[in-house]
Amino acid sequence: MRRVAVIGVGVTKFGRHERTSAELFAEAAAEALADAALPPTAVQALYYGNVVGGETEKQLHTSPQAASVLGLPAVPTTRFETACASSHAAFRHAVMEVGSGVSDVVLVGGAERVLNVTTEESTEYFAYASDARWEQTLGLTFPGVFALVARAHMAKHGTTEEQMAAVAVKNHKHGTKNPKAQFQKEITLEQVMKSALVADPLKLYDCCPFTDGGAALVIASEEVARKARRPIWVLASAAASDWMLIGDKRDLSRVPATERAAAAAYRQAGLGPQDVDVVELHDCFTIAEIVATEGLGLFEPGMGGPAAEKGWTSVGGKMPVNPSGGLKAKGHPIGATGAAQIAEIVTQLRHDAGGRQVDGARVGLTHTLGGNTATVLVSMFGRE
Amino acid sequence: MLTQKQFFEKAGAGELHAVRCGRCGALAIPPREFCPECAERAWQPTTLSGEGTIASYTVIRVAPRGYAGEVPYAIAAVQMKEGVSLLGRVVDVPFETLKIGLPVRFRPLTKNGQTAVGFGPSS
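Protein sequence lines, in the order shown, are assigned to chains G and Y. Numbering of the first sequence is given in the working numbering, commencing with residue 1 and proceeding in unit increments. Numbering of the second sequence is given in the working numbering, commencing with residue 1 and proceeding in unit increments.
Treat the hints as calculated values from the structure; they're not laboratory data. Hints are supplied without guarantee of correctness; some may be wrong.
What the hints assert, rightly or not - With a cut-off of at most 27 Å between alpha-carbon atoms, the simulated BS3-like pairs for lysine-lysine come out as follows:
| id | chain 1 | residue 1 | chain 2 | residue 2 |
| --- | --- | --- | --- | --- |
| 1 | G | Lys156 | Y | Lys99 |
| 2 | G | Lys156 | Y | Lys111 |
| 3 | G | Lys58 | G | Lys185 |
What the hints assert, rightly or not - Partner residues are not named here, just some residues of chain G that face chain Y (Cβ under 8 Å, in silico):
| id | residue |
| --- | --- |
| 4 | Met96 |
| 5 | Glu120 |
| 6 | Thr123 |
The beta-carbon is built from N, C-alpha and C at its ideal position, and this holds for glycine as well.
Full structure from sequences and hints, please.
Quick look at the structure:
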């Protein structure tokens with residue numbers, strides 16, 4: 001495999017938009033191409049993430065549509081759908097296309113539009129990422145899936161609702177420093193603890209919001225990247241899966257796909273968790289951040305909750321997690337999330353993250369989880 | 001081989017069916033093509049007792065479209081006595097008594113001709 005770098009990143013404001021997901025992606029892609037100082041004609045392929053376009057926009061075939069709206073109708077495109085991990089899966093495959101020598105410049109990204117439908121509708125569409133016959137018929141929701149994880153983690157490790165709430169408080173604080181974040185205001189522990197129950201023990205402020213938005217990355221071969229202004233190198237990109245059904249997952253306090261993808265990524269990079277300076281990980285729910293920090297090996301099993309409570313995962317702490325505000329405060333446009341996380345890590349490694357910069361960051365990691373924990377992608381990045 | 005349709009037809013009649021690998025003895029519910037333990041395709045039908053204990057649980061307060069009229073409702077991952085686990089609705093158990101380790105018993109929940117997995121009190 002040839003070395004591959006990210007040479008351009010672009011993200012729309014996250015929140016509510018009146019534009020289609022293709023329009024949102026096009027805005028992010030234009031920003032990423034400008035950042036890469038490349039004309040659109042340099043793009044040789046588009047790898048695209050979009051999840052519920054069929055439901056919220058009555059739109060399939062979203063990757064050629066995105067390319068058309070961008071003004072690149074002739075490039076080969078592929079849409080990836082692995083629930084919330086879609087554009088991270090797109091990224092991994094784009095890295096393989098460039099790494100293998102098939103292309104030198106590939107555009108990667110994704111977009112999602114969900115705030116144009118009701119919460120009841122979007123809750124239903126997101127639940128399509130669990131099994132139709134065995135689980136959707138129970139009225140299972142995604143907060144419900146992670147509530148089961150939370151209860152199991154609390155029983156096994158003594159994790160508390162206050163520790164989960166500390167994750168929300170921390171990510172909201174980080175979000176105040178991110179001008180693209182959906183929420184840019186601090187919240188208190190008490191606000192989280194007193195918010196309405198969504199799926200016991202998860203409360204409203206334990207949950208990430210529904211979000212419209214787009215994100216894009218320009219990735220390039222070493223030859224192209226050497227001429228770019230600020231390349232950030234891809235050190236690893238790994239994927240793993242797990243059983244689809246909750247009933248088949250033997251220990252709900254763990255996410256085995258995270259552990260498998262992390263092990264593969266560390267092996268590819270020749271690095272370990274102790275070498276990582278900054279992490280963007282999948283905090284769709286506060287408990288998801290706690291379990292992910294353990295699965296990635298950043299903390300011992302059972303220490304994810306105390307780590308959040310002690311401030312170890314804050315910017316300025318010993319292992320900063322989600323300086324962007326994470327899915328919790330930055331927002332979670334599901335098809336765009338993986339690419340947006342990578343955009344943040346690239347920005348951090350360029351030392352360009354302003355008030356949320358992790359000092360001296362040299363190695364970064366992104367972790368994106370798909371739906372019911374059946375898909376996980378982990379990628380690693382470095383300055384040189 | 002037990003199809004999904006057959007499983008739920010039998011479940012609707014109160015019988016919980018599974019398959020056991022004829023080579024290594026692994027139990028699976030729902031069935032899959034290959035045994036995940038030994039990669040063999042030698043499944044034999046078996047039935048489960050329906051008895052299990054709660055491994056984790058939640059009470060859903062914000063429901064998907066189509067279920068909003070049913071909130072709040074409890075969902076639990078239940079470890080069956082035979083070792084496999086199933087996700088199901090928990091009915092006729094007060095929410096405040098739900099806990100990990102609570103014994104429950106399989107009960108089919110049929111609505112509009114479609115059966116889902118449910119659990120009720122063990123006795």
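Worksheet item: For which of the previously enumerated hints does the structure constitute a violation, in increasing order of number?
Response: As far as the earlier hints go, 2, 3, 4 are violated by this structure, in ascending order.
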